[in-house]
Amino acid sequence: MCKKVIFFVCFLPVHFLFAQSDVLTGFPEGYTPGEVGKRLAYNFVNARHDLYAGRYIHYAEVCTWNGALDYALQVKDEELVKLLQDRFEPLFTREKVLLPPMNHVDYNMFGSLALKLYQITNDKRYLDMGLEYADSQWEVPENAKPEEKAWAEKGYSWQTRLWIDDMYMITVVQNEAYKVTGDTKYIDRAAKEMVLYLDDLQRPNGLFYHAPDVPYYWARGDGWMAVGMADLLRDLPKDHKDYARIMEGYLTMMESLKNYQRPDGMWNQLIDEPDFWSETSGTAMFTYAFIRGIQQGWLDTAEYAPAARNAWMAMVPYIDERNNVTEVCVGTGKKNDKQYYYDRPRLAGDFHGQAPYLWCAAALLEK
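Read left to right, the sequence shown gives residues 1195 to 1561 (the working numbering).
Simulated from the structure, these hints should not be mistaken for lab results. Keep in mind the model is a prediction, meaning the values are calculated, not measured. Each residue gets a CB set at the ideal place from its N, CA and C atoms; glycine is no exception. Treat the hints with care, as some may be off.
[Stated by the list, open to error] Simulated pairs of lysine-lysine, DSBU-like, Cα-Cα distance not exceeding 30 Å:
| hint | residue 1 | residue 2 |
| --- | --- | --- |
| 1 | Lys1386 | Lys1232 |
| 2 | Lys1432 | Lys1532 |
| 3 | Lys1290 | Lys1373 |
| 4 | Lys1348 | Lys1373 |
| 5 | Lys1561 | Lys1529 |
| 6 | Lys1435 | Lys1348 |
| 7 | Lys1379 | Lys1290 |
| 8 | Lys1270 | Lys1232 |
| 9 | Lys1452 | Lys1343 |
| 10 | Lys1343 | Lys1529 |
| 11 | Lys1348 | Lys1290 |
| 12 | Lys1529 | Lys1318 |
| 13 | Lys1232 | Lys1561 |
| 14 | Lys1452 | Lys1386 |
[Said to hold, decoys possible] Now the in silico label distances, taken between C-beta atoms and shown as ranges:
| hint | residue 1 | residue 2 | range |
| --- | --- | --- | --- |
| 15 | Gly1376 | Lys1532 | 44 to 50 Å |
| 16 | Gln1313 | Pro1511 | 32 to 38 Å |
| 17 | Asp1429 | Asp1393 | 17 to 23 Å |
| 18 | Pro1539 | Gly1376 | 41 to 47 Å |
Given the sequences, and given the hints that come with them, work out the whole structure.
And the structure:
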């Protein structure tokens, strides 16, 4: 009788075993999200500002800053929170010139950082700054172009471009504004924009071309959509009129991504090109979207948790001895040339890669 029971347990279907246990815990030494997050967050504290043409704080730095704060809060590292707050303080005074102008999606997302710091500190300076960035995405300037005014007249942000990056850049600041104010106009804005982008840009397989005239599935570009949907869905009320449409877009994308994941856990620079190189920033973004979906119950644990764990275990060795994520594709504009994407330079320590690694670490630590 005992042997029969043992035999039955040993040969349970794999999906049943995964469904009964959390495979996103119990990582080996060197791979735990606490260790990885600490390495990358303290690396960021001492890093130089990443500036647009030497002038303004770059959105990739903002993403990394937000990730480091999320990690610090999860592990209750008050020293780290203080260091990250201290890094911001000069932006109220002597470094104020580095604040991005409020005239572009990549610039306005800076407000998400100020709003996150407000949630931690209750310092009204952060609130005022963050809301100004959020509101100015919908306040049409006098010198707006005709196409920008046309978007605004339809109820969208005048900064709408129909670039896939936007569905992180717009939604992140609007979502943070919703969290601190409870004003539904912010979450409504984010959801309305997301539906527009899904309807116009998502392909039948759930993925997104880099641009309508560039039919390539560039990993980091698709990563912005994956993360943007995952984060928005966490805060969007389930009875919101746009919830079902966004969830449909998210689930379709996640299924496609799972099918394109390499056996080693990574995703390639062009997602559907098996001969391309493994790219870390896109991989980390997709992994984050999987983790959030599993935690929220949107994704089947048996199907997606092993994929997420496999990805995390593959990602960590790409962090070098200086705590820099390697194999990060540089900033990349669109080009209708497959070889162009293959030949893109790869950096170590680029904030485009540091940020989503921190997002994953913080998410894995969330109870």
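- For this structure, which hints from the list above don't hold up? Per hint list: 1, 2, 5, 9, 11, 12 violated.
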